[in-house]
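Participant: Single-letter residue listing:
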Amino acid sequence: MTQKNRLMSGGRINRSKPLSFTYNDKQYSGYEGDTLASALLANGVDIIGRSFKYSRPRGIVAAGAEEPNAVMQIGATEATQTPNVRATQQELYPGLVCGATNGWPNVDNDLMGLVGKIGGKAMPPGFYYKTFMYPKSMWETYESYIRKAAGLGRSPNEYDVDIYDKMNQHCDVLVVGAGPAGLSAALVAAKAGARVILADEQNEFGGSLLSSRETLDGKPATEWVNSVVEELSTFENVALMPRSTVNGYHDHNFLTIHERCTDHIADRAPNGQVRQRYHRVRAKWVVLATGAHERPLVYGNNDVPGCMQASAVSTYINRYGVVPGNELVLMTTNDNAYHTALDWHDAGRKVMAIVDTRKNPSGALIEEARNRGINVMVGSGVIEVQGSKRVTSVSVAPLNEDGSRVTGSVIKIGADTVASSGGWSPVVHLSCHTGSRPVWKDEALGFVPGSTVQNQFTAGAINGEYSTEGALGQGVESANDVLKALGLDAVSIALPDTDEPAQSESMALYHVPHTKPTSQAPKQFVDYQNDVTAAGIELACREGFESIEHVKRYTAMGFGTDQGKLGNINGMAIAAKMLNQSIPETGTTIFRPNYTPVTFGAIVGRDCGELFDPMRYTAMHAWHEERGAEYEDVGQWKRPWYFPLKGESMQDALNRECLATRESVGILDASTLGKIDIQGKDAREFLGRVYTNAWAKLAVGKCRYGLMCGEDGMVFDDGVTSCLGENHFLMTTTSGGAAHVLEWLELYHQTEWPEMEVYFTSVTDHWATMTIAGPNSRKLLEELTDYDVSSENFGYMDWKKMTIAGVPARVFRISFTGELSYEINVQANYGLHVWKALFEHEDKYNLTPYGTETMHILRAEKGFIIAGQDTDGSVHPFDLGMPWAVSMKKPFSFIGKRGMQREDCVRPDRKQLVGLKTTDPNIVLPEGAQGVFDPNAPIPMPMVGHVTSSYWSANLNRSVAMGFVKGGSERMGEKVYYPLVDGRTVEAEICSPVFLDPKGERQHV
Amino acid sequence: MLHIYCPHCCEYREEEEFHAKGQAHIVRPLDPDACTDQEWGEFMYFRKNPRGIHHELWVHAAGCRKFFNVTRNTQTYEIKEVYKVGEKPTIVAE
Amino acid sequence: MQHYSGFGLLKHSLSHHENWQRIWRNPTPKKKYDVIIVGGGGHGLATAYYLAKQFGVTNVAVIEKGYLGGGNTARNTTIVRSNYLWDEAAHLYEHSMKLWEGLSQDLNYNVMFSQRGCLNLGHTLQDMRDIERRVNANRLNGIDGEVLDAQQVKEIVPILDCSSDRRYPVMGASWQPRAGVARHDAVAWGFARGADAHGVDLIQQTEVVDFIIEDGTVVGVKTDRYGEIKADRVGCVVAGNSSVLAAKAGFELPLESHPLQALVSEPIKPILDTVVMSNHVHGYASQSDKGDLVIGAGIDGYTGYGQRGSYGTIEHTLQAIVEMFPIFSRVRMNRQWGGIVDTCPDACPIVSETPVKNLFFNCGWGTGGFKATPGSGNVFAASLAKGEMHELAKPFSMFRYHNGALVDEHGAAGVAH
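Residue numbers (full-length UniProt numbering), protein chains in the order written: chain R, 1 to 1005; chain Z, 1 to 94; chain B, 1 to 417.
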């Protein structure tokens, strides 16, 4: 197909590099330097989508980030499908495959369009709130149709094949936007030696200068752009970032930049390259030179393909060598848009009329138009266009002075393109992200940035300064403001001369009246993407939605992927008029990040998959791997859960591990337990304050178990702490709680008791810990040490320094299984060596490795709790049946003491931890089962507590369980019932939680 | 994203290195056992939570592990002052 | 009140929608009301609606400093569920759920409550224990719930990566089929319309700057726009501003106000039918009728009233989402925003009398306020009507922080506080 709208010459495209691409399964061609939008227009493609509510055909309206309609599905493969890419921002690359996101059977002939035509009248804003309510049961059916109709593109169904990067950046000044203001600002800051980042969303720098025919110093403006970019690229203190959108402006001058590294090359990044990179920038200062978007005017049927923004038409002609039609009608409220008619005329196509809404426009541009014989119709407006899939004609009518009503008869003019301009809206989005409210500037007919607490300056059109000369000057000024703030000397640069003609006053007009009332006129679109019309906004106001936020939410104005860049101000103006207010009184809605949408993957970077969260392994991990361990995630740790032998079920493995441990000896990798080294002359006193029990008399060489509570008296961690020296202790914590406990200790030390001399150091990773447990554990230990480990020399709850397998070790004779047990601690890098040395005696003692699950079973047989499983932050030591672990007589009121004595904490009917013996010994209660006293009570049943721990005990040949029961400690021998999800009700007897060896004889051998 | 000056490291560091720990200057009663339930509850839970100038406790968790105080505007998020535990703020709400 | 229906829409389309009634009046306040509700968000409007409709107290004003439903009602991720752990919370949220189930018809306003179900994923053994515990409690409390294994989860959400090689593999989930989502703005508007129709005065753009307190009893409020307005009882429902108003009444609350951020993707074709939440990887998602993926996570660690939080939280949230749904990597984030949530130490609300007589506070809903809207309004209305707390509200007295009778719902709160 030929590019029927492509000019023979001109534009910044590379005519020697033709590219072919596919749109809706059809091949087209364009050139390097095209955007997808310019290529589609060059090929005369009018319809690129269907509207969301009425399924009306839509064409390209704009040429940049503000485009509401041309939102495409891109991707040649399933894995590279990308939804909702704006064609005006997508550079063309060879082989690009894209399609419209809506329309069935296709976008040109969409059956839903019929629904829109027929039903559209009954679908004013908020219609769904007023219907689909009856019958109640039908809502979800209605809803499924609504859902199907909504949505733009589709998510890929396969995993992303590309990679993304993140980068942290610091700079003295981040200049956002590389138009005339941004370029001059960057150059000044660069010359002063400041560290500069200049970022622009487009593929090349220049901003508005890329699209206009104005000159600087008598030469095409792009020559000046090239010279500045060339100069900037010589500075080492300057980073130039094209294709990089500054998307978010966060507190304390933190900004994010979305750099698209390869999206202009292919839909999949070339091998080894990153598709997109997200920059996290901490900028000392920011200069916003983000420019302005042209506002199209609101008139009847203004969404018919062929209706465009005036500046976009100029951009397509001047930058891409594409004239998007044959016969143009331009409607404008200002002089500037006359450029578009001149561009069109000079491109050799016909300007049917310039419709100027002002009564008496005058000035050089108007003269120039008249001199070329263009029909300039003043004091008039295009009140509607005709045509379904493309504009065929326009209706022009005279307007009164303020443009509020039609004053005369309507004439029709044949045309296929309508360009309109209602002035400019400064791009204030970034300046609003941190909560600054924009303020209305009458002379600029737009909102400009308001006051801010950020280190921010602004330059150019964002301030309502729409001339190139003004933008250049403000760029220099803002950069010098930054230099001053940085304590650097001011810099002056020679600015080029501009050739801008003087412009006369613009007219404040947003909504062109029709001969009919708005409610009866053809649809006048304000927000194209969400099908929000002027009539809709008026209806919202009539219905009482008087806050602009209500209008926005009721009509969905500005909720699209373009976030209302084109439509918001027009919508506010229409609402303001309805409410008899000025636009600033009506106010604006708040802009939020992102300025334009950002790929999830780019924000995630590499921090997913295995890098989602660091994995912590113990020193013996390789051995566990070899033995085929199954793992449990505990905090960030990967802990062996159990060690199945070939063909063994989990329960088989657990039974074997449990029996072997109690019969001979088992071994557990306990390295993950938190370990905190505590030193200082007040260390002992400190322990007494943070633990519930007494520490004053713990002798050197001894170990003691302790409970740690919050000020509320509720247990949050537990562990054994050993006295290494008079002023030296080693505290252990739960595996998941180590960091929290350390911060807790530091908090109390630094804020409450800074006078105490005590130091805390995390030593978790310094030590490898292996627990050997079982009647043969002493014999096993003796195989590896010459130290006298007899009961006489090395008693229960003692610790000793010794040499094991040739390396120095601390051995703690403590037990979490109720067996004779030793916890061997060696320097972590010796861990695997010692572990392997122990396993040299594997066969002799049937040394059996076990994981966390067997550890849980063995401790449950003994009634030992696990903090976090048998506690949930709402139980105190007395609830746990552990009064022996609390010393109420300590002189210092330890943390938790007062809390556990509050009124509600001393109720006798609190839930208390007890043992639970199922009447049928073969039933293992599910953990989490809820108990009741009366199994026949109706729902809601009064619940009395849940099962916290429950296992099959191979050693006892029955189930064992622990759980909370209301007043349980006084109900020994009574029955409690557990109605289960599967319909069974399990009966259990309340008993002591110590199921095995209640006298503790096994660990005292 | 806050940029916080650690008065112990004497450097600006990223928010990710810090943990916010709530209202500053809450003193644990010297004699908890003499407190009523109400007094103890107020110590544990009841907070000023102002809109505007707020004195709060932070810890340089992934840095020097030191706690310190920050005076911050909870509306604009401006940090007005940082000071060490035990010191008094010079900027306070009117 | 004008009745809304599909037929009415057709009828009005013939007159070009020019004759729709105002959805609510814009009245000048009277000198005195029986009840003043401070705060015109969802909870406040629901309170006014039920006060007037169910309890016959119609001399009521709702005073809102901005626009109706403009606080957290306008900013939440619209999830509705009632699968809370403790009886007290479960009963309150289930009361709310039952009201949700007939709300569109009751209000004659389609709040688009859609019971598409909610999965709370478990990724560790302890997660699964907690899920078992909660689901068992729910069922015995008469609340629907199931415990699913990874395979069953996969059947409900095929696009969720349930493979065992993820960093934190999905081990299972709790599933509440009756849970779902609703159209948040519509909830506020529907309640406002209903309240207005029953004679409640909705006073917008008016800030309560102080209370009039005589001998420890509140007798009215001072406003910036209309001066003093008297009332027999005053109920404050001002999420994100509760501590500030409490300070004006002379007391502190056990609250901290934190930013809670959320984000949406661009609209995409339907791909996610249910609500999927994960405490462990820390993110949740659903898809709106418009096609946006609606995504949230936890609160920011610091307190803040700025309706925005830190970018790092957004980063972590999206990491979690892409970890759960790797196919979304190329989908794009459209917009992020923040609300201000008042969090309580036990992740449960305060619906309570206060140290000032006839002054009542309803606050501290943390991240769980939206789902409670009808229930909260209903029990608060009952309490304001009678001058004493409703049975379901009693456990949520602010004085529980004195005696220690906390209701710790951190596990069920959906996101860590």
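I should point out that these hints are in silico values taken from the structure, not numbers from a laboratory.
Since the structure is predicted, the reported quantities are computational estimates derived from the model, not experimental observations.
Hints are supplied without guarantee of correctness; some may be wrong.
To be verified - Just some of the chain Z residues that point at chain B, by a computed CB distance under 8 angstroms:
#, residue
1, 76
2, 79
3, 86
4, 89
Claimed, not checked - Facing chain B, from chain Z, some residues (calculated, C-beta under 8 angstroms):
#, residue
5, 5
6, 53
7, 65
What the hints assert, rightly or not - Straight-line Cα separation of at most 25 angstroms, SDA-like style, residue types lysine to any residue; simulated pairs:
#, chain 1, residue 1, chain 2, residue 2
8, B, 154, R, 697
9, R, 697, R, 630
10, B, 154, R, 649
11, B, 222, Z, 93
12, B, 290, R, 158
13, R, 166, Z, 93
14, B, 394, R, 158
15, R, 117, B, 19
16, R, 911, B, 394
17, R, 136, B, 312
18, R, 284, B, 154
Positions of the beta carbon are idealized from the N, C-alpha and C atoms, including for glycine.
Participant: Now tell me, hint by hint, if it's right for this structure.
Facilitator: Hints versus structure:
Because the closest C-beta pair between residue 76(Z) and chain B is about 7 angstroms apart, less than 8 angstroms, the hint holds. With its C-beta approaching chain B no nearer than about 11 angstroms, residue 79(Z) sits outside the 8 angstroms limit, and its interface hint is violated. Checking residue 86(Z) against chain B by beta carbon gives a least distance of about 22 angstroms; that is not within 8 angstroms, so the hint is violated. Here the hint on residue 89(Z) is broken, as its CB sits about 16 angstroms from the closest CB of chain B, past 8 angstroms.
Given the 8 angstroms rule on beta carbons, the hint for residue 5(Z) is violated: about 15 angstroms separates it from the nearest Cβ of chain B. Taken as an interface hint, residue 53(Z) does not check out: its beta carbon lies about 12 angstroms from the nearest beta carbon of chain B, beyond 8 angstroms. Against a cut-off of 8 angstroms between C-beta atoms, the interface hint on residue 65(Z) is violated, since the closest Cβ of chain B lies about 16 angstroms away. For the hint linking residue 154(B) to residue 697(R), the alpha-carbon distance of about 56 angstroms lies beyond 25 angstroms, and the restraint is violated.
Simply put, residue 697(R) and residue 630(R) have alpha-carbon atoms about 42 angstroms apart, too far for the 25 angstroms limit, and the pair is violated. A distance of roughly 24 angstroms separates the Cα atoms of residue 154(B) and residue 649(R); the hinted pair therefore holds under the 25 angstroms criterion. Restraint check: the Cα-Cα separation between residue 222(B) and residue 93(Z) comes to about 23 angstroms, which is no more than 25 angstroms; the hinted pair holds. At most 25 angstroms may separate the alpha-carbon atoms for a hinted pair to count; residue 290(B) and residue 158(R) meet this at roughly 23 angstroms.
At most 25 angstroms may separate the alpha-carbon atoms for a hinted pair to count; residue 166(R) and residue 93(Z) exceed this at roughly 39 angstroms. As the CA atoms of residue 394(B) and residue 158(R) are separated by approximately 51 angstroms, the hinted pair breaks the 25 angstroms bound. Straight-line distance between C-alpha atoms of residue 117(R) and residue 19(B) comes to about 22 angstroms, which keeps the hinted pair within the 25 angstroms bound. At roughly 20 angstroms between alpha-carbon atoms, residue 911(R) and residue 394(B) fall within 25 angstroms of each other, so this suggested pair holds.
Between residue 136(R) and residue 312(B) the alpha-carbon distance is near 42 angstroms, which puts this suggested pair outside the 25 angstroms criterion. Between residue 284(R) and residue 154(B) the CA atoms are separated by roughly 48 angstroms; this puts the pair beyond 25 angstroms, and the hint is violated.
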